[in-house]
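J.: Sequence:
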Amino acid sequence: MDTFAVLKISASALDAQKKRMNVIASNMANVHSTRTEEGGPYRRKDVVFSSVLMEQNPAPLEGVRIVDIATDNSPMKTVFDPGHPDADKEGFVTMPNVNVIEEMVNMMMALRAYEASVSVFNISKTMFMKTLEIGRQ
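In case it helps, numbering that gives the first Met the number 0 puts the sequence shown at residues 0 to 136.
No lab work stands behind these hints, which were simulated from the structure alone. Built from N, CA and C at the ideal position, the CB exists for glycine as well. A few of these clues could be false.
[Stated by the list, open to error] Restraint ranges, calculated between C-beta atoms of paired labels, are given here:
(1) Met128 with Pro74: 27 to 37 Å
(2) Val99 with Glu37: 21 to 31 Å
(3) Arg34 with Met128: 52 to 62 Å
(4) Gly39 with Ile68: 11 to 21 Å
(5) Leu131 with Arg34: 17 to 27 Å
(6) Asp67 with Leu110: 20 to 30 Å
(7) Ser32 with Glu89: 13 to 23 Å
[Claimed, not checked] Pairs of lysine-lysine, DSS-like flavour, derived with a Cα cap of 25 Å:
(8) Lys124 with Lys88
(9) Lys18 with Lys44
(10) Lys124 with Lys18
(11) Lys17 with Lys124
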């Protein structure tokens, strides 16, 4: 196993959480988007992660990667707003399936995971520096 594998794993986790936060920010920015290029309201997106294994047996963990950015197919919300340009004949507008509170919770979880990865990276770096100091003595 590579001596600096822990740094690579931490870096891959940092990158994955950064992309997750970008997807969450996009969801929140489109909470009122009733019309998209594909037609219809915006559909919530979610990041699908996978661990990356090394080519060894038993396969140790090598990092995290994003497998897919999945579209949430949960039902859309409808609100009564007859003055809205996208209202149907009865005055209802189909709104995105984005729950702002849920997205805020997801953002906090992504932030905590990001902070944990930064801590692992910094602790590992400190440990490597101490090892070099001990080796010089």
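J.: Indicate, hint by hint, whether the structure satisfies it.
T.: For each hint, the structure was consulted:
Roughly 53 Å separates the CB atoms of methionine 128 and proline 74, a value that falls outside the hinted 27 to 37 Å. Take valine 99 and glutamate 37: their Cβ atoms lie about 22 Å apart, and the range 21 to 31 Å holds. For the pair arginine 34 and methionine 128, the beta carbons lie near 54 Å from each other, so the given range of 52 to 62 Å is met. Between glycine 39 and isoleucine 68 the beta carbon distance is about 18 Å. The supplied range of 11 to 21 Å therefore holds.
The hinted window of 17 to 27 Å between leucine 131 and arginine 34 is violated, with their beta carbons roughly 58 Å apart. Between aspartate 67 and leucine 110, the C-beta spacing of about 22 Å keeps the proposed range 20 to 30 Å intact. Checked against the hint of 13 to 23 Å, the C-beta distance between serine 32 and glutamate 89 comes to roughly 21 Å, which is consistent with it. Under the criterion of a C-alpha separation no larger than 25 Å, the hint pairing lysine 124 with lysine 88 is inconsistent with the structure, at around 62 Å.
Simply put, lysine 18 and lysine 44 have alpha-carbon atoms about 12 Å apart, close enough for the 25 Å limit, and the pair holds. This hinted pair checks out: lysine 124 and lysine 18 have alpha carbons roughly 24 Å apart, not beyond 25 Å. For the proposed pair lysine 17 and lysine 124, the alpha carbon gap of about 21 Å is at most 25 Å, so the pair holds.
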